[in-house]
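Undergrad: Dock chain B against chain A, hints included.
As a plain string of letters, each chain reads:
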Amino acid sequence: MGALAVEAIGLSKTYGAVTALREGHFQLRPGEVHILLGSNGSGKSTLCKLIAGSIRPSSGELSLFGTPTNLSGPNDARARGIGVFYQELSLSPHLSVAENILLGAEPLTRWGTVDRSALRHRARDLIALFGSAAGPGLTPDAPVSRLSFDQKQIVEILKVFSSNPRVIILDEATSSLDRTQVTILFERLRALKAQGVAIILITHRMEEIFEIGDRVTIVRDGLSVATLEIAATDKNEIVHHMVGARIEGSIQRRLRPEPSLETALTLDGLQGPALAPLSVTLRRGEILGLGGLHGQGQSDLLLTLFGAQGTQAGRITIAGQRFRPTSPRAALKAGIAYISGDRRRVGVFAGRPVFENLTLSILLKTGARRVRPGLLRTLLEPILNRLKLKAPSLAVPIQSLSGGNQQKAVIGRWLTTKPKVLLLDDPTKGIDIQSKNDLYAMLDSLCAEGVGIILYSSEDSELLGNADRVLVFNSGQVTEELSGARLTEFDLYQAALKAA
Amino acid sequence: MIGLTASLPTAPRFPWARHPISIAFLLSILLLGVGETLSPGFAAPGQILSLLTVAAFLGLVAAGQTLVILGGREGIDLSVGGTVSLGALIAGNLMQGSDAMLLPALLGVILVCGIIGAINGLGVTLVRLPPLVMTLGMYGVIQGLLVLLTRGRPSGKAAPLLLDLITAPVFAGIPGLLPVWALIAALLTLILTRTSLGYAIYALGSNELAARFAGVPTVALRIGLYAGSGILGGITGFLLLGYTGTVFVGVGDQYVLPSIIAVVIGGTSLAGGAGSYLGTVAGAILLTILQSLLTTLAIDPAGRQMIFGATLLVLMLLYGRRQALRG
Numbered sequence: 006m007g008a009l010a011v012e013a014i015g016l017s018k019t020y021g022a023v024t025a026l027r028e029g030h031f032q033l034r035p036g037e038v039h040i041l042l043g044s045n046g047s048g049k050s051t052l053c054k055l056i057a058g059s060i061r062p063s064s065g066e067l068s069l070f071g072t073p074t075n076l077s078g079p080n081d082a083r084a085r086g087i088g089v090f091y092q093e094l095s096l097s098p099h100l101s102v103a104e105n106i107l108l109g110a111e112p113l114t115r116w117g118t119v120d121r122s123a124l125r126h127r128a129r130d131l132i133a134l135f136g137s138a139a140g141p142g143l144t145p146d147a148p149v150s151r152l153s154f155d156q157k158q159i160v161e162i163l164k165v166f167s168s169n170p171r172v173i174i175l176d177e178a179t180s181s182l183d184r185t186q187v188t189i190l191f192e193r194l195r196a197l198k199a200q201g202v203a204i205i206l207i208t209h210r211m212e213e214i215f216e217i218g219d220r221v222t223i224v225r226d227g228l229s230v231a232t233l234e235i236a237a238t239d240k241n242e243i244v245h246h247m248v249g250a251r252i253e254g255s256i257q258r259r260l261r262p263e264p265s266l267e268t269a270l271t272l273d274g275l276q277g278p279a280l281a282p283l284s285v286t287l288r289r290g291e292i293l294g295l296g297g298l299h300g301q302g303q304s305d306l307l308l309t310l311f312g313a314q315g316t317q318a319g320r321i322t323i324a325g326q327r328f329r330p331t332s333p334r335a336a337l338k339a340g341i342a343y344i345s346g347d348r349r350r351v352g353v354f355a356g357r358p359v360f361e362n363l364t365l366s367i368l369l370k371t372g373a374r375r376v377r378p379g380l381l382r383t384l385l386e387p388i389l390n391r392l393k394l395k396a397p398s399l400a401v402p403i404q405s406l407s408g409g410n411q412q413k414a415v416i417g418r419w420l421t422t423k424p425k426v427l428l429l430d431d432p433t434k435g436i437d438i439q440s441k442n443d444l445y446a447m448l449d450s451l452c453a454e455g456v457g458i459i460l461y462s463s464e465d466s467e468l469l470g471n472a473d474r475v476l477v478f479n480s481g482q483v484t485e486e487l488s489g490a491r492l493t494e495f496d497l498y499q500a501a502l503k504a505a
Numbered sequence: 153m154i155g156l157t158a159s160l161p162t163a164p165r166f167p168w169a170r171h172p173i174s175i176a177f178l179l180s181i182l183l184l185g186v187g188e189t190l191s192p193g194f195a196a197p198g199q200i201l202s203l204l205t206v207a208a209f210l211g212l213v214a215a216g217q218t219l220v221i222l223g224g225r226e227g228i229d230l231s232v233g234g235t236v237s238l239g240a241l242i243a244g245n246l247m248q249g250s251d252a253m254l255l256p257a258l259l260g261v262i263l264v265c266g267i268i269g270a271i272n273g274l275g276v277t278l279v280r281l282p283p284l285v286m287t288l289g290m291y292g293v294i295q296g297l298l299v300l301l302t303r304g305r306p307s308g309k310a311a312p313l314l315l316d317l318i319t320a321p322v323f324a325g326i327p328g329l330l331p332v333w334a335l336i337a338a339l340l341t342l343i344l345t346r347t348s349l350g351y352a353i354y355a356l357g358s359n360e361l362a363a364r365f366a367g368v369p370t371v372a373l374r375i376g377l378y379a380g381s382g383i384l385g386g387i388t389g390f391l392l393l394g395y396t397g398t399v400f401v402g403v404g405d406q407y408v409l410p411s412i413i414a415v416v417i418g419g420t421s422l423a424g425g426a427g428s429y430l431g432t433v434a435g436a437i438l439l440t441i442l443q444s445l446l447t448t449l450a451i452d453p454a455g456r457q458m459i460f461g462a463t464l465l466v467l468m469l470l471y472g473r474r475q476a477l478r479g
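Protein chains in written order, with the working numbering: chain A, 6 to 505; chain B, 153 to 479.
Next comes chain A alone, as it looks inside the complex:
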């Protein structure tokens, strides 16, 4: 088949002290669909961005169509025939579908102005590729802002197709598409493949890998660990490569007493914008883990429960009473606490004293008008001791504390409200190991007190080490519930890649 379409030899990318990709080796043949697989932050998106020219390698060599190339930017890559579907979409909401699809490549009249009828015709031909699966309203003149999310993904895909690229990179291009749309996309990809176009596909759905892929490269911790022929492999081998050489059972599970038989929280068909109906029961003293790849609906579930996510359907019962999650304020009063690892955005009141940061929620919950510092201090003291919060005094502004101690203050704010249900949304993101261990120890005592906890963590060891059982999410749906002997990284990955 001649020269390789793309070849990366020892390609690395570092951001300061962080290595996103180290010594990446990757070969893309013309006329193949090559799957890139790896967990969040494993380096697969970095590799794609390097090939797309949107970032530059720190070291290593990139060859396109057999010639070593130094891409000067995304435009250079595009001119060389590389078409990229960006996960975060690159559409202009106020332009029409046709204008978006042919942005920068508009057909011109002989006066040099945009030939609007040709533009519309070409866009119509491209939309026709998806036929009726494009859905109502996906017309050349429709403004992109009016489209549904899957339609926007289709427009982004068509934008890639319109430039007739020789290499196509699809970074989670199927995440919002339904089955029919995916089938049509794959038919299209097979046709392009037959013309010698090389395709890189990033997907989190295992069945898609076997349906369309020719080869798969697994990326882990910034390293490309293996490239396998799809026809000669199976799910288990792929997942084993993702998990790596980590010994089964190497994660130390924290020993906690059995959860009580009493119910802390019941969800009955709870549904949200990015969340399929979910029914589950959380016991008092239990830690229910939420697993899966990043952004598959875990945070949506927590935010919906906390009343921060607007529309929802289904029934929530806390300690026997129905709870309607209309606002975080309602959640606070019902005994739900939500702690996010994104403390800068949703936790900390920068510029305000630690004391204010700690006491606001309990004041609002009890409806106390006057602040009684003495009373609050006696309330805070045991909690601060338990959290091992280190601060020169409670009067210093909170941003003068370390990240771990800031997070402890946010946790302290919620513990003073004596929650019945604690929602943890990647709570230890970016904090030191000592603070993490302090947090885990605190979870032990909360469990002993009968608090029901739902924990989402992007760290497998944190999730598997703490949770009594784990609900694994993919595209807003629970694909599997892991417990007991199945609480392993292997099972976690396998479930994460499973379609619901």
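By construction, these hints were calculated from the structure, which means they are not laboratory data.
Honestly, I wouldn't trust all of these hints.
[To be verified] 20 Å max Cα-Cα, derived SDA-like pairs, lysine to any residue:
(1) Lys370/A x Thr345/B
(2) Lys338/A x Arg320/A
(3) Lys425/A x Pro262/A
(4) Lys157/A x Gly140/A
(5) Lys157/A x Ser97/A
(6) Lys423/A x Glu267/A
(7) Lys338/A x Arg289/A
(8) Lys370/A x Pro410/B
(9) Lys370/A x Leu349/B
(10) Lys370/A x Pro369/B
(11) Lys370/A x Gly350/B
(12) Lys370/A x Ile343/B
(13) Lys370/A x Leu344/B
(14) Lys338/A x Thr345/B
(15) Lys338/A x Ile343/B
A quick note: this is a predicted structure, and the numbers were derived from the prediction, not measured.
TA: Coordinates of chain B only, in the frame set by chain A:
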């Protein structure tokens, strides 16, 4: 990242001396001294009291301004000029010189100006208009309304009791307005520093999303802050009527920008979430003394404006340095 390796600044010997409130008060005393030297009698007790009376009106308008600015999200209330004028007009027309109508007039002013402020708050929260645009628009609407109501010839008179209350000395020559101001200032400071409402206001200004997540009813609170600014503007108009006796059109216009400047001089961050009403009090006093000094020295208006502007810039520079040292 680079700053981390730089040596830590040594702690200042007098940390309070770097605080905007101290700076504003010290500067006020300095200006009084300068005034007394250049124009003897400038700092005479009676003169100081009349300066404080003028500052009280500004300080009260700026109290509302402090609230909306503390609440963050580019909070600002340009409609105070309108609510002050409207407050005076409503008060004058309800009272018509009758003592019996004093309290009903005050309640009427609070009601109308509170509603106007709440509409500002609704526009800022539910319609998500920038506060600058919303309150400027409201200012325009009120000005038009005033013309419509008065047809250019304002009517209305203060009740004699109100005149007495504001201007007559209550103790050692201190006019009644000053204790009223002190009372409101103490109340506001108490609310801001010792109540859950105050904590919620600072939280809202510091990080709105985190405030919502901590259980603050953020929309209702913000509407409340704008309503509060409307009410304080109206009350200022009401009290101004007791000072002037009769209603003037556009009596509030002079307060729009100074009320914002007083807040900023007092060390309240325009970004919200940090500051105090005591700072605004100091800012209002400093601003009033500065204006009075420039008038007394008979500097022509152009020079007055230049010195006024330059003083502001120098103060901001000093505060900026303080921030840099702290950060």
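Undergrad: Determine for every hint whether it applies to the structure shown.
TA: Okay, the hints, checked on the actual structure:
For the hint pairing Lys370/A with Thr345/B, the CA-to-CA distance comes to about 18 Å; that is within 20 Å, so the pair holds. Taken as a hint, the Lys338/A and Arg320/A pair is honoured in the structure, with Cα atoms around 17 Å apart against an allowance of 20 Å. Between the alpha carbons of Lys425/A and Pro262/A the distance comes to roughly 18 Å, so the proposed pair stays at or under 20 Å and holds. Restraint check: the Cα-Cα separation between Lys157/A and Gly140/A comes to about 11 Å, which is no more than 20 Å; the hinted pair holds.
Note on Lys157/A and Ser97/A: the hinted pairing holds, with a Cα-Cα distance of about 10 Å set against a maximum of 20 Å. Between Lys423/A and Glu267/A, the direct Cα distance comes to roughly 17 Å. Compliance with the 20 Å bound is thereby established for this hinted pair. Distance restraint check for Lys338/A and Arg289/A: the Cα-Cα separation of roughly 18 Å lies within the 20 Å cut-off, and the hinted pair is therefore satisfied. About 38 Å separates the Cα atoms of Lys370/A and Pro410/B, which puts this hinted pair outside 20 Å; it is violated.
Between Lys370/A and Leu349/B the CA atoms are separated by roughly 12 Å; this keeps the pair inside 20 Å, and the hint holds. Our distance criterion of 20 Å between C-alpha atoms is met by Lys370/A and Pro369/B, whose separation comes to about 12 Å. Using a Cα cut-off of 20 Å, the hinted pair Lys370/A and Gly350/B holds, with the two alpha carbons roughly 15 Å apart. Only pairs whose Cα atoms come within 20 Å are accepted, and Lys370/A paired with Ile343/B is accepted, the gap being roughly 18 Å.
Between the alpha carbons of Lys370/A and Leu344/B the distance comes to roughly 18 Å, so the proposed pair stays at or under 20 Å and holds. For the hint pairing Lys338/A with Thr345/B, the CA-to-CA distance comes to about 24 Å; that exceeds 20 Å, so the pair is violated. This hinted pair does not check out: Lys338/A and Ile343/B have alpha carbons roughly 23 Å apart, beyond 20 Å.
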